Amino acid sequence: MTRTVFTALLSHWRRNPLQLFTLLAGLALATALWSGVQAINAEARASYGAAAATLGEGQFNQLVSDTGGPIPQSTYIALRRAGWQVSPVLEGRINGQRLVGLDPLTAPGGLGPVTLGEGAELDAFLGGAGQVFGTPATLEALSGIEAELILSPDVAPATALTDIGVAQRLLQREGEVDRLIVAQIQPVGRPALDDIAPGLSRQVAQGGSDIGRLTDSFHLNLTAFGLLSFAVGIFIVNGAIGLAFEQRRPVIRTLRALGVPLRRLMVLIAAELLVLSLVAGTIGVALGYVIAALLLPDVAATLRGLYGADVAGTLQLRASWWVTGMCVAVGGTLLAASGAFLALARMPLLAAGQARAMAVAAGQTARVQAGVACALLLLSLILGFTADGLVGGFVFLGAMLVGASLALPLILDHVLRFGQRLSKRATSQWFWADTRQQLPGLSLALMALLLAMAANVGVSTMVSSFRLTFVAFLDQRLSAELYVSTEDAAQTATFLNYAEGKVNAILPIRSVEIAVRDLPTELFAGRDHSTYRDNWVMLDASAAPWDDVHSGESIMINEQLSRRADLNIGDVVQVQARAYSVSGIYGDYGNPIGQALIAEGEFDALFPNVDTTRFGLRLPQNEVSDFVAAMERDINLPASATINQANIKAFSLSIFDRTFTVTGALNVLTLAVAGFAILMSLLTLATMRVPQLAPVWAVGMTRQRIGRLELARAVLLAALTSLLALPLGLMLAWALLAIVNVAAFGWKLPMFLFAFEYLKLFGFGLLAALLAALWPSYRLARTPPSDLLKVFANER
Amino acid sequence: MNAKVLLFLLLPTSLFAQGFAGLGLTADGFSTPAPNYDFTFPEDHGPHPDYRIEWWYLTANMTSTDGTEYGLQWTLFRTALAPEAGEGWSAPQLWLGHAAVTTTDDHFTSERFARGGIGQAGVTADPFEAWIDDWTLSGDWSDLRMTASGAEFAYDITMTAEGPLIFHGQDGYSVKSAEGQASYYYSQPFLSLDGTLTLPEGDVAVAGQAWIDREWSSQPLSDNQTGWDWFSLSFDTGDKLMGFRLRQTEGSYYTSATWISADGTTESFADGAFDAQPLNKYQSPGAQVPTQWRVTLPERDVDITVEAINPNAWMPLSVPYWEGPIRIEGSHQGRGYLEMTGYE
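Protein chains in written order, with the working numbering: chain A, 116 to 911; chain B, 9 to 352.
Simulated from the structure, these hints should not be mistaken for laboratory data.
Remember, it's a predicted structure, so these values are computed and weren't measured experimentally.
Where hints are given, some of them may not hold.
[Unchecked claim] Pair by pair, the computed Cβ-Cβ distance ranges are:
(1) Pro135/B x Asn176/A: 30 to 40 Å
(2) Phe500/A x Asp114/B: 52 to 62 Å
(3) Pro328/B x Val394/A: 51 to 61 Å
(4) Arg302/B x Asn176/A: 46 to 56 Å
In this text, a Cβ means the ideal position worked out from N, Cα and C, and glycines have one as well.
The shape of chain A in the complex, shown without the other chains (with noise of 0.2 Å):
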C-alpha cells in the first residue's frame, strides 16, 4: 500500500513540473546564498587562523625593543641564560612577501611549519640550505631564493616560514632579531626583564587573532547577507509547498476514504519532502561552492586592502560546511512545510475536498502580529539611542527588520482600505477590495521584498558614503605627490643630497610601534610643515593643536586610539618616560589600530634607532614623472622605490569598487530572490483567484483586463513596499555608520544620502514585481471561458 500511495502523491510533481521546479529552486537558491556566504566567511576565518597559529600573534606576550629597532641576538641569549624563555622571531620582506624566521626548538608548541614531533622533517629545516614554506603563490614569488621551498597550503597567504638562522641570512641581517616570544610557562626565580635586557618592553596579548577582531563586521555584514537570503528563499519554499498541498487535497481526501491512515499519509508526504530537500540542498551547496568561488577574490581583495588580512583567494571543500549546508536545506524545508503539516493534520476527513483560497488572515492574528511588530520595533527604538557594540548594533538592526517585516501587510491593509474610501466607481472599488482580500496570500513575498529593498538601501549608502568619506580623507591625508623609499642609510643619505633644493619640501616619514594603554599603536613623527596644517582635518582639538604638538607637549591621535582608548583632548598619554596631553583627534578612516602623532625632536630622542627610509616629496604634480626618471638616472634610485600619489589614491579606490562588486552582486542576487518570491506566490494565488475573478468576468470585464489589473496590482503592492523600504533601508544605513562601525572599527562616518541610488533601485524593485506578474496574470487573461463557467456550474 505504501508505495502505491507514494506513487499516487509524487504523481502531483509529475503533472506539475513548474511546481517542483519552483520548490527545488527555491530551496537550492536558499541553500546556495547561505552557503555561499559561509564558504567565504570560512576560508576567510581560515586564513586569520592560520596566520594567527604560525605566527603566534595574539597568543602569546612579546618583547620587543623600546627603540622600534632590532634586539641584538646576543640580547636573546643574555634572556635565555637568565631563565626566561622567549623564542626569537625575525621578518622581513623578500620580493613583496613576508619571510619569518622561527626557532623550531624553543617555539611555544605549536608554532611554526615543523615542530619537534617531525623527527627527519626537523633535520631537513634545521640543516642544509634551508627550507621556505609557502602557498604556491607565495613560492612562486620566491622562486630563486637560496633555500628548498616547499608547498604547505597552512601557511598565511603572502608569508613565507623558516628557520631563523635561514632568514637571518636571507634578509641579510647576521646576529638580529625583531621580537621575542614568550612562553606562558616560565621557571621560578628568574630575574626581572629589566636586570636582564633594558631595552625591552613586553607586549601584552591580545587574545585572539586581532584581525579576525577587525574583520569580524565585515563576515557579519555578509553573514546578515546570507541570512537574509535564506529568509527569502524560505518563503518561495513556503509558497510552493503550500501550493502543492492546496492541489493535493483532493487526493488526500481521496487517499483517505480509501482508508489510508493519516499517520502514514503524513510520514509519506515528511519523507517526499525530505527527499527533495535532500536533492535541493545537494544543489544549493554546489550552486554556493560556485557562488563563493566567484566572490572569494574580490572578498580577499577587499579584506586585504581595507584590513591588511591576507586571505587566499582560492577556495577549499571543507567537509564541516557541506554538512551544514545540507542541514540548512533540510531544516528550512520543515520550517516551510510546518505549516501545510498542521494544517493538514487537523483537516477533517472530508472538508478535505472544499478548494479554498488560501487562509485569510483572521483578525485575531493580526492582532498578535501588530503586537509584535509594534513591541519589536520599539525594542529597536530603544536600542537605536543606547546601543553600542556589535552585539547591540545587530540586535537593534534584527528587531528593527522583523518588526517592520511584520507590519508590512497591517500598514499596506490600511493604505489599502485608505484607497478603497477614496474610489468611487465600482470597477475599482472591487480592485482595492480585491487587492486587500489577496495581500494575506502574498504578504510573504512582499515581506522578502521589503527585506531585499532595505537591505539595498542600507547597504548602498553605507558603501557610497564610505567611500565618499574615504576620497576626502585620501585628498587631506596623501597630500604629498610623491613618496619614496630607501634601503639603507647610505641611500638615504645619497637620496636627501639629491632631492635637497629640488623639491619643494622633504618630508620624512618615520613610525614605530608602541603600546598606548596597552593598545597597539602606530606612533609618528611629524615636522613642523604646512602640508600637514593646511591639510589634517581635526575632528577635535585645542586652540593651536599643530603648535601644541611642535612645542614638544603634546601628542595627536587618530579617532580609533580615542574611542578605544578613552582619550580626550587634554587627556595624558604616556610615552616611555614621557608625558603629552592630546591636543588634536583627527579622522583615520581605514586604519585598522590607533595612530598617534608627536614632534620630530620628541620623537628622535625618544626612538633615536628608527631609521628614515621613507620620504613624502612636495613639488609640482606635473614634474612628478620627470623627477622619479632623473633619480633613477642620477642616483641609480628605481622607480618602484616610489610611489606616486595618483597610483596609491586609484589604488585605494579600487579597493572600494571591489567591496562595491561584492556588496552589488549580493544585492543583485537578493532581489532576484524577491522577485521569484512574488512569482511563485502569485503563481500560487492564480489558481486559486479563479472562483474569485469568475463573477466579475460574469458581469462583463473582459479577461484582458483582469489580467491588466492584476499585472497593476502586483506592481502597486510592490511600489508601496519599496517606498516602505526607503525609511527602513536608511535606519539600517545608519546603524551600520554610527553603530557597527564605531564598534567595529572605531570611527564614525558621516552618512550621505543618494536619491538618485534610491530612485534607481525603486524601480529595479517595480521591475521585480513586473517580470514576476507577468506570466500569472498572462495565465489569467488565457482562462479558459469554461473554467470561469465551471465556479458557477459547481464543477470545479
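Since the structure of chain A is provided, determine the placement of chain B on it from the hints.
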C-alpha cells in the same frame, strides 16, 4: 647508566618519528667507539661532536634535616645532525636538557631545547661547564656546582668528589648488545652534596650523594632492542653497583654490570651475570611500569629488592620515560636511582 643513551640516541630526529625502534640506525659519517680508548681529562669531560649522541647525566639521593627523602636529576643531551661542531644557527649540534625533583608525593620535571653554535647551550672542558639556558653544571670535577629551574621547582647544589672516576665495561668501552654496539662510558659515583631545593612549599636544605654518568656513542643500540631498565645503586657499606638490562624484541634481554668497591676498584660483569626481575607494576600517567624489582648479582652475593620512593616519577617530556629514586632492601641496604624507557 647509559642506557639512557639509547633513549636519546637519535634525538630529536628519528626517535620522535620512529620510537625506540629507530635507535639502531647506522651512523653515517660519525665516529664509532672502539676498545682501548685512551681517556684524557679534562678534554673528555667536554663534547665529542664527531659522535652522534652524548650526555652529562646526574642523579642524586638526598635527605632534608628532618629525614625526608628527595631525588633529583640534571641531564644535558647533545645530538648531532652532522659530525662537526659548526658555528651560529647552522651548527648541526642540538642540545636537550631534562631536570626533575622527586619527593615522596610529587615529581616535578622540566625540559629545555637549544641550538648549538649560538651560546644558548654547550659544554666546555677547561674550565668545565655544561649549560643550557640558566641550567649549569660546572667546576673542576673535584668540586662541582649545579643549578636548574622549572615552573614549580629550582635547585642550587654544590658537590665534592670523594673517590675516583669509574670506567665501565672494558676500561670505559661499554658493550650494549650481542651484535657489538657500544659506547664510551665513565662515571663519578662518589659525590657528596649540599644544597637547597626550591619547591612550591618553600626552600629545603638537603644533603646526600650524587652520581654523574658520562657517555657518548653514535649507534649504541642494536636494532632489536626496544628499551631498558637501568639501576645505579649505592649500598650502606660504601660499595656501589651499576647494572642495566636492555630489552629485546623477542622477549630476551642483554645485561651488563659494574661492581664498584668503596675504595674505587671495579669489576665488570658480562651479559647474564646481573639480573633484574619486575615485581609490582604501577600505572603511571604515561604507561604501566614496574616500580619494584628483584635485583641479583650472585658473584657478589647481591639479592635485593628495590622499590621506588615515589612510583609516580614519570617524565612526561618530548620523549617520555620513568626516572626516580629508589630504596634498597634485602642482602644489601641503601639507595639509588632507576630509569625505565620504552614502556609505552
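Each hint tested on the structure:
1. Checked against the hint of 30 to 40 Å, the C-beta distance between proline 135/B and asparagine 176/A comes to roughly 36 Å, which is consistent with it.
2. Between phenylalanine 500/A and aspartate 114/B the Cβ separation comes to about 59 Å, which falls inside the hinted range of 52 to 62 Å.
3. Between proline 328/B and valine 394/A the Cβ separation comes to about 52 Å, which falls inside the hinted range of 51 to 61 Å.
4. Checked against the hint of 46 to 56 Å, the C-beta distance between arginine 302/B and asparagine 176/A comes to roughly 52 Å, which is consistent with it.
Of the hints listed earlier, there is not a single one the structure fails to meet.
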